[in-house]
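Enquirer: Here's the letter readout for the chains.
Number of protein chains: 2
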Amino acid sequence: VKKTLTVAIAGLGTVGSGVIKILESKMESIERKTNTRLVITAVSARDKTRKRSVDLSSFKWVDDAETLAADPAINVIVELIGGADGAALRLCENALKNGKHVVTANKALIAKHGVYLSQLAEENNVTLAFEAAVAGGAPVIKMLREGLSANNFARIYGIMNGTCNYILTTMQATGRDFKDVLDEAQKLGYAEADPSFDIDGIDTAHKLAILASLAYGCPVNMDALFIEGITRITTTDIHYAAELGFKIKLLGICEMTANGLLQRVHPCMIPVTNAIACVDGVYNAVVLEGDSVGRLMLEGRGAGESPTASAVVADLIDIACNRFTYPFSVPANALQPAKNASIDSHNGAYYIRLTVIDRPGVLSDITQALSTEHISVESFLQKGAKSDGNVQIIITTHDTSEKSMSTAVKQINSFPWAVEPATLIRIFK
Amino acid sequence: VKKTLTVAIAGLGTVGSGVIKILESKMESIERKTNTRLVITAVSARDKTRKRSVDLSSFKWVDDAETLAADPAINVIVELIGGADGAALRLCENALKNGKHVVTANKALIAKHGVYLSQLAEENNVTLAFEAAVAGGAPVIKMLREGLSANNFARIYGIMNGTCNYILTTMQATGRDFKDVLDEAQKLGYAEADPSFDIDGIDTAHKLAILASLAYGCPVNMDALFIEGITRITTTDIHYAAELGFKIKLLGICEMTANGLLQRVHPCMIPVTNAIACVDGVYNAVVLEGDSVGRLMLEGRGAGESPTASAVVADLIDIACNRFTYPFSVPANALQPAKNASIDSHNGAYYIRLTVIDRPGVLSDITQALSTEHISVESFLQKGAKSDGNVQIIITTHDTSEKSMSTAVKQINSFPWAVEPATLIRIFK
Numbered sequence: 001v002k003k004t005l006t007v008a009i010a011g012l013g014t015v016g017s018g019v020i021k022i023l024e025s026k027m028e029s030i031e032r033k034t035n036t037r038l039v040i041t042a043v044s045a046r047d048k049t050r051k052r053s054v055d056l057s058s059f060k061w062v063d064d065a066e067t068l069a070a071d072p073a074i075n076v077i078v079e080l081i082g083g084a085d086g087a088a089l090r091l092c093e094n095a096l097k098n099g100k101h102v103v104t105a106n107k108a109l110i111a112k113h114g115v116y117l118s119q120l121a122e123e124n125n126v127t128l129a130f131e132a133a134v135a136g137g138a139p140v141i142k143m144l145r146e147g148l149s150a151n152n153f154a155r156i157y158g159i160m161n162g163t164c165n166y167i168l169t170t171m172q173a174t175g176r177d178f179k180d181v182l183d184e185a186q187k188l189g190y191a192e193a194d195p196s197f198d199i200d201g202i203d204t205a206h207k208l209a210i211l212a213s214l215a216y217g218c219p220v221n222m223d224a225l226f227i228e229g230i231t232r233i234t235t236t237d238i239h240y241a242a243e244l245g246f247k248i249k250l251l252g253i254c255e256m257t258a259n260g261l262l263q264r265v266h267p268c269m270i271p272v273t274n275a276i277a278c279v280d281g282v283y284n285a286v287v288l289e290g291d292s293v294g295r296l297m298l299e300g301r302g303a304g305e306s307p308t309a310s311a312v313v314a315d316l317i318d319i320a321c322n323r324f325t326y327p328f329s330v331p332a333n334a335l336q337p338a339k340n341a342s343i344d345s346h347n348g349a350y351y352i353r354l355t356v357i358d359r360p361g362v363l364s365d366i367t368q369a370l371s372t373e374h375i376s377v378e379s380f381l382q383k384g385a386k387s388d389g390n391v392q393i394i395i396t397t398h399d400t401s402e403k404s405m406s407t408a409v410k411q412i413n414s415f416p417w418a419v420e421p422a423t424l425i426r427i428f429k
Numbered sequence: 430v431k432k433t434l435t436v437a438i439a440g441l442g443t444v445g446s447g448v449i450k451i452l453e454s455k456m457e458s459i460e461r462k463t464n465t466r467l468v469i470t471a472v473s474a475r476d477k478t479r480k481r482s483v484d485l486s487s488f489k490w491v492d493d494a495e496t497l498a499a500d501p502a503i504n505v506i507v508e509l510i511g512g513a514d515g516a517a518l519r520l521c522e523n524a525l526k527n528g529k530h531v532v533t534a535n536k537a538l539i540a541k542h543g544v545y546l547s548q549l550a551e552e553n554n555v556t557l558a559f560e561a562a563v564a565g566g567a568p569v570i571k572m573l574r575e576g577l578s579a580n581n582f583a584r585i586y587g588i589m590n591g592t593c594n595y596i597l598t599t600m601q602a603t604g605r606d607f608k609d610v611l612d613e614a615q616k617l618g619y620a621e622a623d624p625s626f627d628i629d630g631i632d633t634a635h636k637l638a639i640l641a642s643l644a645y646g647c648p649v650n651m652d653a654l655f656i657e658g659i660t661r662i663t664t665t666d667i668h669y670a671a672e673l674g675f676k677i678k679l680l681g682i683c684e685m686t687a688n689g690l691l692q693r694v695h696p697c698m699i700p701v702t703n704a705i706a707c708v709d710g711v712y713n714a715v716v717l718e719g720d721s722v723g724r725l726m727l728e729g730r731g732a733g734e735s736p737t738a739s740a741v742v743a744d745l746i747d748i749a750c751n752r753f754t755y756p757f758s759v760p761a762n763a764l765q766p767a768k769n770a771s772i773d774s775h776n777g778a779y780y781i782r783l784t785v786i787d788r789p790g791v792l793s794d795i796t797q798a799l800s801t802e803h804i805s806v807e808s809f810l811q812k813g814a815k816s817d818g819n820v821q822i823i824i825t826t827h828d829t830s831e832k833s834m835s836t837a838v839k840q841i842n843s844f845p846w847a848v849e850p851a852t853l854i855r856i857f858k
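Protein chains in written order, with this note's numbering: chain C, 1 to 429; chain B, 430 to 858.
Looking at chain C on its own, in the form it has when it is part of the complex (with noise of 0.2 Å):
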């Protein structure tokens, strides 16, 4: 005999139409694998009359998303309505409560709440399912808890805005600058009408700060994380960057350091020859340095209608099988707060581009200012004064501090020299 369960739906957009398409399109083949019957019961969402690319005859229409989380005919709540509070957190709280498997896409919500919602599922012996919250349809979350569940991991690393590697992306191709190709990109819908959960990297922030509660036995912590997002790169500088041999990503990265756990988001420069500096346009990657794995990558479409709905079916299959993980690999009340690190603490590698005016003691005020800090630089370069009678020098620096480095920044921007402020990349390796 054939199981069934039955799912609503909360929220009607892209995906939500993704998962229907899906579940519709594969009943069989579910069956298959599952020995369950997944059945769309109820479906929600702003606009009853918006016209969707999906059929909704069939399901019972709800107007007040909320009221699923109490219907007695409900086993699995798809939150797929968006924010890190309200409505979606008020379903997923009730849902669990009344004893219903939750699946969602909401990383700000998982980000904000994920620990308390993973202790009422834990408590109510029900799932909370978010594969579809970091990198799309790329399973980097059931890698993590499940498939490298042997693994203690020195750093994970990753592309994990799709909407931020496609605009760097372009800057790299086409030369055109941020504005532009963001202005592009908001037409193409490859980036929302207000862009700066994306662009400044809050977004990225709340995919990682999940990736490392799961890795490190850590609860979720925002507050913990360093965030610099793209808005201030400019094709001078990738254009300097290519001629380096660099690469600008936006990468979240967290790291297991003599000085804590350090989470940090902002725009590195990426050696060519690192796999990752090759992951172009609206795709994610996701490196996962583990002690007994070694390196090992995933990349894959970070977001869309059907890589994210991939995901959404693969939680309810897992869901269908009786597939168990603690939310965040360990019992929600086992997460244990991290020794967190600063950036101050950061010790890596610095691209530095200067604006300067031409004239004689600039580079002997750079020098000495790098050298007060102990800043030992790798490759230095000047290029010829423009019709404004301004330099560009670019500087490459050894590994130091990032503390040395604001210092010795903060003391470079004060010379009567400096044209604008210096821009400051990382460098990645």
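Hint data in this document are derived by calculation from the structure and do not stem from the laboratory. Every residue, glycine too, gets a C-beta built ideally from N, C-alpha and C.
Only pairs whose alpha carbons sit at most 35 Å apart, straight line, appear in this in silico DSBU-like list of lysine-lysine:
1) B:K768 x C:K21
2) C:K410 x C:K386
3) C:K21 x B:K858
4) C:K187 x B:K858
5) C:K97 x B:K431
6) C:K429 x C:K403
7) B:K450 x C:K429
8) C:K339 x B:K432
9) C:K2 x C:K60
Distance windows between CB atoms, simulated:
10) B:C707 x C:T235: 23 to 33 Å
11) B:K616 x C:K3: 49 to 59 Å
12) C:C278 x B:S835: 33 to 43 Å
13) C:D399 x B:K616: 33 to 43 Å
We have chain C; now place chain B onto it with these hints.
Expert: Below, chain B alone, put in the same frame as chain C:
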């Protein structure tokens, strides 16, 4: 109250030692994830006196591994004996029949008897797990079976043999010839004393056949595979490949074609712009082209003590958590033989290298032979006469059928000016 899962390890080579090390050093973290204590109760290997990197004194030693199958104190057998038949098969068979879970890294065994063993596991309500059989520590089987369970696959391909990839990468990097690099690989322990299993493509074929079964719901069928190894790859071809923008890699490829399921293992010319062309040395990579998820690539170390042990222990953790999947995604008796396509029906582009006597009429003979088979030339390169008076002609073609190509090559080889049989390498796109 914590549960206990008792484990016996049969075979104590590098992987077996690696498993013991992980289970001992990560006992606590595994307990947090599984609420279970994994206890090694017995070990077995051919030679008790052999020096090993782990202390075996606390485990029960068993001379005849096969007796482990009947020991009521054991819950899980880790089979690391190797070989498609013999002791490995009998141990797994009897262990499953006696209601024990089996974890194995043995691709030859799974390729030959996996479906039968899967049936036994299902009948006895236990797990048969073989994550370590494909791509070492990279959890490609879990990905295919669970993380991407909502996908149909147009194509799956990969570099799945570290020995071959090491040899080809080293030939490319150093210009040294096949025999020379193979000798060195044997000295370094990257290749077996009898390397034929690896270099003839059999090992890749085993892994590919397992992935094809998982992806297409058909029984593993080694007879359906076309297999060609790397023994005929020369530095000359690697050199011309680079000149044409290709790298030569041994790929395993399965794809659903208009003529049925085509499974093939052979050296490929891969455009250097393709991410998999950059997977070098002992790394493995598998690309999965799913209808929902799009193109997904997983890259990691394909062999070695700790990557393989990482996969074995992940399987043990899945068992401890009661995470169940059908070994081949669907019940063994629901697997349906695929309609298999033969290599003759393959359609693609080709690289041809000819060594010919430098005399008039040769080019016209070649172009005639190709055009009779409606093969269209994409690039043509003639290298000036060597001291022996012979010239090299390198041709790449547009897409054509394997059948047309072999007919044309047979014709070309029969001309009196042909110094040696043509070298033919398929171009991968």
